[in-house]
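With the hints as extra help, turn the sequences into a complete structure.
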Amino acid sequence: DAGVIQSPRHEVTEMGQEVTLRCKPISGHDYLFWYRQTMMRGLELLIYFNNNVPIDDSGMPEDRFSAKMPNASFSTLKIQPSEPRDSAVYFCASGAGTGDEKLFFGSGTQLSVL
Amino acid sequence: GQSLEQPSEVTAVEGAIVQINCTYQTSGFYGLSWYQQHDGGAPTFLSYNGLDGLEETGRFSSFLSRSDSYGYLLLQELQMKDSASYFCAVNYQLIWGAGTKLIIKP
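Here the protein sequences come in this chain order: B and V.
Position one of the first sequence corresponds to residue 116 (the numbering used here), numbered consecutively onward.
Position one of the second sequence corresponds to residue 1006 (the numbering used here), numbered consecutively onward.
Hints in this document: simulated from the structure, not taken from any laboratory.
The beta carbon of each residue, even a glycine, is placed where N, CA and C say it ideally should be.
Please note: incorrect hints may appear among the correct ones.
[As the list claims (entries may be wrong)] Beta-carbon label-pair distances, calculated as ranges:
#1 195/B with 1021/V: 46 to 52 Å
#2 1007/V with 125/B: 47 to 53 Å
#3 196/B with 1018/V: 45 to 51 Å
#4 1049/V with 142/B: 39 to 45 Å
See below:
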């Protein structure tokens, strides 16, 4: 398996634009997580899915953020409109939920909002 | 509130042993995990403790005491490649510590 695949690796956009981040989890994993990492706030859980259903989105900063998982092999995180404070590295991770709590992370998307 | 406390930075010498502590305060507890992250990279899983005691994986070991709300990661025979940030996380990785930057000197 190629691991968790995220795209794009880097995204530079202007304030007010819509940004869509994509994630393909490892096949067979039932759990998918979206995290945001910044120097100031560390690693923050935004939302996680179990079997394509959002379970906890309490970490989503505000209504500008939305996430979907239309099927077991694809998820998106959308920011509309984007703001400079959204600049961060966004990670997607998947896990099998077998009890050892092991998550596999994608390489992340470095988002810069100018 | 829920929080995890770990030192922000630890320095050690190549070949030595280092311990990184993590104390947690959570409403409910299901397990403590450890991840390693190199600069510019993604977190990678190191270890998980669901029950009290020591888990060993090669040069790395992790310990948990549920009664003390405390755990640690032990790295032995330190190598330069172990220079990275180490994160503890609890409850299915829903809550993360701020990370400990491990600096290794030759």
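Hints, verified against the model:
1. 195/B with 1021/V: 46 to 52 Å: At 50 Å between Cβs, range holds.
2. 1007/V with 125/B: 47 to 53 Å: About 33 Å separates the Cβ atoms of residue 1007/V and residue 125/B, which means 47 to 53 Å is violated.
3. 196/B with 1018/V: 45 to 51 Å: For residue 196/B and residue 1018/V the Cβ distance comes to about 50 Å; the hint holds.
4. 1049/V with 142/B: 39 to 45 Å: violated (19 Å)
This entry does not satisfy hints 2, 4, going by the numbered hints stated previously.
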